[in-house]
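Heads up: the sequence lines are chains A and B, in that order.
So the first sequence is numbered by the working numbering: it starts at 1 and just counts up by one.
So the second sequence is numbered by the working numbering: it starts at 148 and just counts up by one.
Everything labelled a hint here was simulated from the structure, so no lab data went into it.
Everything numeric in this text was worked out from a predicted model, so none of it was measured.
Keeping only pairs whose Cα atoms sit at most 27 Å apart, straight-line, the calculated DSSO-like set for lysine-lysine is:
1. 53(A) with 203(B)
2. 79(A) with 203(B)
3. 185(B) with 118(A)
4. 99(A) with 203(B)
5. 200(B) with 67(A)
6. 185(B) with 132(A)
7. 185(B) with 120(A)
Going by beta-carbon spacing under 10 Å, a handful of chain A positions derived as facing chain B:
8. 6
9. 7
10. 27
11. 28
12. 55
13. 59
14. 77
15. 96
16. 97
17. 98
18. 108
19. 110
20. 135
Every residue, glycine too, gets a C-beta built ideally from N, C-alpha and C.
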Amino acid sequence: MNIKTKFLGEVEIEQSEILTFENGLPGFQEFTKFILLGLDTDLPIALLQSTEKEQIGFVVGYPFAFKHDYAFDLSEEDKEQLQLEDESEVASYTVLTLKENFADSTINLLAPIVINTKQKIGKQIVLQDSEKYPLRYKIGIAKGSGK
Amino acid sequence: MLVLSRKKGETIMIGDQIEVKVISVEGDQVKLGIIAPKTVKVHRSEVFEAIQKQNKEALAISVDALKQFKL
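Can you build the whole structure from these sequences, using the hints too?
Structure (structure tokens):
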């Protein structure tokens, strides 16, 4: 099937690749079907695109690429909702908030997007410790520390 | 909405597993103790509101901002 995307125009996707976010994403509960699409950049980022609405497309990144020691535990509730049986089925992403000035761009480490890659189920989870996991973590800092 | 009056030290039960206790009341601030199963997440509402807001902000990025990443 073909879908319209926020940044990549019209693309052809496989039905089997569609991810279900049962409760949508916070602030966007009405959209429950998404797909991950690669973006043409040298950075570890991708587009989490709603298959239902063109404008709903989030730029997401691999959190570990931006913060090397990023780690979190999934609660039993999250595991249940994601129908996780095996840790190898998990992929996690972080929502990027890009700004015109690159140095002002941030990633959301407090609420990672976790995906069960086998069952194609996704959820934006909320971690407990907002000091350890900032809502707005500057990409600029992460880039510097990565050198 | 159910409204209950409680005094310091008193509790309420939500279902049979979640207990909320009023620990102290000082001026306009109430300190609550919450006992809940591990599977139940307890957050301040502001956290959810902040995440909703952040998602909306993330969505507002322009194609131009994205182009900065193209090398």
